[in-house]
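Sequences and hints are given; from them, build the entire structure.
Residue numbers (the working numbering), protein chains in the order written: chain A, 272 to 954; chain B, 3 to 312.
The set of hints was computed from the structure by calculation and includes no laboratory data. C-beta atoms are modelled at their ideal positions from N, C-alpha and C, and glycine is treated no differently. A hint or two may mislead.
Covered, in the sense of this in silico footprint (three residues per stretch, anywhere, with C-beta under 8 Å from a C-beta of chain B), are these stretches of chain A [unchecked claim]:
(1) 629-640
(2) 927-941
Calculated pairs, DSBU-like style, for lysine-lysine (alpha carbon to alpha carbon, straight line, at most 30 Å) [stated by the list, open to error]:
(3) 624/A x 649/A
(4) 858/A x 264/B
(5) 943/A x 295/B
Spelled out from the first residue to the last, the chains are:
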Amino acid sequence: MSSESSKKRKPKVIRTDGAPAEGKRGKGDTDQDVRYYSEESEVDLRDPIKDYELYRETCQELQRLMAEIQELKSRGIKENASEIDERRVQSCVHFMTLKKLNRLAHIRLKKGRDQTHEAKQKVDAYHLQLQNLLYEVMHLQKEITKCLEFKSKHEEIELVSLEEFYKEAPPEISRPAITLTEPHQQTLARLDWELEQRKRLAEKYKECLTSKEKILKEIEVKKEYLSSLQPRLNSIMQASLPVQEYLFMPFDQAHKQYETARHLPPPLYVLFVQASAYGQACDKKLVVAIEGSVEEAKALYKPPEDSQDDESDSDAEEEQTTKRRRPTLGVQLDDKRKEMLKRHPLSVTLDLKCKDDNVLHLTFHYLMNLNVMTVKAKVTTAMEMTTAISAGDLLSPDSLLNCLYPGDHGRKTPNPANQFQFDKVGILTLSDYVTELGHPYVWVQKLGGLHFPKDQPQHTVAADNSLSASHMELTVKLLRSRLQSRLALHKQFASLEHGVVPVSSECQQLFPTKIVSRLVKWTAIPYEDYAELPYTKDVIEAGLAEDTHLYYMALIERGTAKLQAAVVLNPGYSTLPPVFSLCLNWKGERNSSNDDNIRAMESEVNVYYKELWGPKPGYQLLTNQLQRLCMVLDVYLETEPHDPSVEGPKEFPQEKMCLRLVRGPLRLKPFKFNYPQGFFSHR
Amino acid sequence: MALSSPSGGVRRARQLLHVSVLAQSASPCGRFLAAANDFGEIAIFGLSAALSAEAKEENRRAVAVVRAHNGPVYSLASTERLLLSGSDGEIRAWSWAELGRKGCRELWTRRPPCRSSLEVPEINGLEVNQRHELRGHQDLVHVVALREQLPQVLSGGEDGTVRLWDLRTGAQVQLIEVHKYQECSRPQLGKWIRCLATESDWMVCGGGPALTLWHLRSGTPTTVFGLAQPQHHALFHQDLVLSGGVGPALHLLQLSGDVRGKVPVTPAALRSLCLHPRSPEHQVLTVAGNSPKIDVFTNLGYRAFSLSFT
Chain A
272 MSSESSKKRK
282 PKVIRTDGAP
292 AEGKRGKGDT
302 DQDVRYYSEE
312 SEVDLRDPIK
322 DYELYRETCQ
332 ELQRLMAEIQ
342 ELKSRGIKEN
352 ASEIDERRVQ
362 SCVHFMTLKK
372 LNRLAHIRLK
382 KGRDQTHEAK
392 QKVDAYHLQL
402 QNLLYEVMHL
412 QKEITKCLEF
422 KSKHEEIELV
432 SLEEFYKEAP
442 PEISRPAITL
452 TEPHQQTLAR
462 LDWELEQRKR
472 LAEKYKECLT
482 SKEKILKEIE
492 VKKEYLSSLQ
502 PRLNSIMQAS
512 LPVQEYLFMP
522 FDQAHKQYET
532 ARHLPPPLYV
542 LFVQASAYGQ
552 ACDKKLVVAI
562 EGSVEEAKAL
572 YKPPEDSQDD
582 ESDSDAEEEQ
592 TTKRRRPTLG
602 VQLDDKRKEM
612 LKRHPLSVTL
622 DLKCKDDNVL
632 HLTFHYLMNL
642 NVMTVKAKVT
652 TAMEMTTAIS
662 AGDLLSPDSL
672 LNCLYPGDHG
682 RKTPNPANQF
692 QFDKVGILTL
702 SDYVTELGHP
712 YVWVQKLGGL
722 HFPKDQPQHT
732 VAADNSLSAS
742 HMELTVKLLR
752 SRLQSRLALH
762 KQFASLEHGV
772 VPVSSECQQL
782 FPTKIVSRLV
792 KWTAIPYEDY
802 AELPYTKDVI
812 EAGLAEDTHL
822 YYMALIERGT
832 AKLQAAVVLN
842 PGYSTLPPVF
852 SLCLNWKGER
862 NSSNDDNIRA
872 MESEVNVYYK
882 ELWGPKPGYQ
892 LLTNQLQRLC
902 MVLDVYLETE
912 PHDPSVEGPK
922 EFPQEKMCLR
932 LVRGPLRLKP
942 FKFNYPQGFF
952 SHR
Chain B
3 MALSSPSGGV
13 RRARQLLHVS
23 VLAQSASPCG
33 RFLAAANDFG
43 EIAIFGLSAA
53 LSAEAKEENR
63 RAVAVVRAHN
73 GPVYSLASTE
83 RLLLSGSDGE
93 IRAWSWAELG
103 RKGCRELWTR
113 RPPCRSSLEV
123 PEINGLEVNQ
133 RHELRGHQDL
143 VHVVALREQL
153 PQVLSGGEDG
163 TVRLWDLRTG
173 AQVQLIEVHK
183 YQECSRPQLG
193 KWIRCLATES
203 DWMVCGGGPA
213 LTLWHLRSGT
223 PTTVFGLAQP
233 QHHALFHQDL
243 VLSGGVGPAL
253 HLLQLSGDVR
263 GKVPVTPAAL
273 RSLCLHPRSP
283 EHQVLTVAGN
293 SPKIDVFTNL
303 GYRAFSLSFT
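This is the structure:
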């Protein structure tokens, strides 16, 4: 413990003091609590400033002593050893004072620190409390705001409006006395009411649900029932087939036909429907059927993507083929024509049976691109008919249905729009293709409900049911009468070619019993030959002889007189009577232009034909006309005045009874036969 | 089974093929022509309308067609107000004023007396004058003509004679048996006299015998016209004789016997020639015959146009 070291160690003194204090404390730990520095009690008594002063003094003393010591020591140690010891003891005392002062300082410091520490702790505690309280305040404020903002769920419920509420709610809930005044109670009451309503509705909902379940179950049951019904019905249908056949009620067949009919194009469908309806309602002898391949018909209506693929493929193929085939444009055009004239694969057949079991078969086709229908006809007769040579054309399929309605030749297409289509592919007229395609008569279009106004192209002509219906009955009647008249003519021609004019018993009264002139020849002649005859010009000019008509030549003879008769047979035969043109070769050629009587004979058969029709269908008109011609030739020849310049008797003695031979400015002979009396008179 | 509506047209077409117009008559005012055919119809044509400069196709058709008789109408004659039509045993009178309108009915019908019901006489010739019963012809009377200066009527008939009658007394004055004369008789055609026309002292007649011009006072034929076919109607016009008959031609003959012209006409044979003296144009001649067409001539040299029966 040198003074320098104590000076130097001053700052460390505290520590070293403390350390050994602690060391000591370690030893005398239990004494620690007991060790009680007396300075602690002195601290409060002494004044720190004085202590400081004391310290300074002490330090100065020490310094002085030290200096003296030093001085002494410098003088020599042995001499001043007592003074050095004295000074040393003084310095030790000073050191003791210093130590005490140090302790005091330390203890002051410690106390100071303790006091500060305490105060600090208190402050901390208060601070903490403040914080706590502040926190709590904030918390409470939050709570308050929360409470203030609280939306009770009841506000989300849409309540019934006040008026309604008071109206509807029962009084025990609404309690108007109370609730009107207090809003809280009011709201409560309203909520009560709401609750009650909801409960009721919830119950209703449950009930509805249950009933719905029930109904669903019932539906299920019924569906199962129905689905089980279908196969049973089918089996019944199958089982009933033999019964149907037995009873001649082919429902199944009809059903199948309707199935196929669904694939028909619209005009054919209209025709089919109308014809079946007509057949069932009015005419049992009309049978309608559908022929053709249904698969092909279905194939026509493939879905668009397939057909587009096909088109692109076929386009590619076509390109290739055209490159290879470039020289043969004609073949291409031919294909295009074939394409244009293509027929729908399905066709409708109508079979018209007549009373004498002759059947007229009509097959109706539909040309898809041209939107017209065509018909082909065929006749099957009940018995084999001997074909007369002149009757060749009568039943030919080509001309059988000609001019069913006046002017309907069936050679031109009735659809004016087709002309433009034809121009594209170089078809001149449809008549070139009529033999294979059938005839596009106007009445056929009308039966299919297609109505083409004359000479005015229209965009689309759709099949119309009412048009077909109105024409069906008339057309069927006309077809029947056409067939029957042709068959009757066929028979008559067979007989005429043998020189016999067949006159039925009902018509015998039109003619006298004895007629000497005979029919010698009956042939068919072509139109050109007819036109060349000199005495037919009037008829052609009057428009009564066209190239659709049939022409015949009859030769009637008596003695040296030969009467040639050129006959125009209109296709609408017995309603449109044939027209005769006469030429008599007897002592010169006489015809209507130079002999009034020949003209009168012509008018007897051409104009006064009503009596010659005979019994109802009137098919005997032609034979009666021929017979009448024979009769009037007789009268003509017999009433010819005797020419005195010629010698010998008259070639034809008068055998017919005539009242007067000449009448009127025309000086006509009596050509009219009066029945029961049997004489001839003038008209 | 007959379809109702076309049958009318069908029958009509055939009728028109065989119709003969047997008589014509001009209206008193000169504007209309009445033509009668052998189906009993009388058609009225607006002649002045058809002759006018703006005439169209419709003007050439009949203005009205009257169903006059059930039988053929053989003759027509006109007075100032009336049109007389003669048919099988009856004469009907029509008022010219009403003929154009629909539903025209005859004013009166007279039936001349006939001996038996079977032989109902046809009225072949009509001329307007008083009536007497003139007996004499053996056979039917074809044609009647009035003389201008003298009150006489000539008649020609089937028996081949032309007789003159006095209208006041009803007695036959003169008889000419045409067929007995060599120049004109043509026995192969017959002896009937069909056409007769007279002017002052001259008469032209023909039919079976050739058309001949006679001098009435002497009763001798002066000129025989060399027409091969029988003639049905002849007229004196200015200094010509117009005649038509079998053959589609109108003959213009001069009194000396030369054939001045032979005009082609539409009908195959002519039955009736009618001059229209009072029409605005001076020379209008209409001819008709075995055809539904009536030819109109404004100049005798050629046919102007035709009216047609429908």
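Against the structure, the hints:
A count of 0 residues in the segment 629-640 of chain A with a Cβ less than 8 Å from any Cβ of chain B is obtained; the coverage claim is therefore unmet, three being the minimum. Here the segment 927-941 of chain A counts 8 residues with a CB under 8 Å from a CB of chain B, which clears the bar of 3, and the coverage holds. Proximity of residue 624/A to residue 649/A is assessed by CA-CA distance (about 12 Å); at most 30 Å being required, the pair is judged to hold. Restraint check for residue 858/A and residue 264/B: satisfied, since their Cα atoms lie roughly 27 Å apart, inside the 30 Å limit.
Only pairs whose Cα atoms come within 30 Å are accepted, and residue 943/A paired with residue 295/B is accepted, the gap being roughly 27 Å.
Checked against the numbered hints listed earlier, the structure breaks hint 1 alone; every other hint is satisfied.
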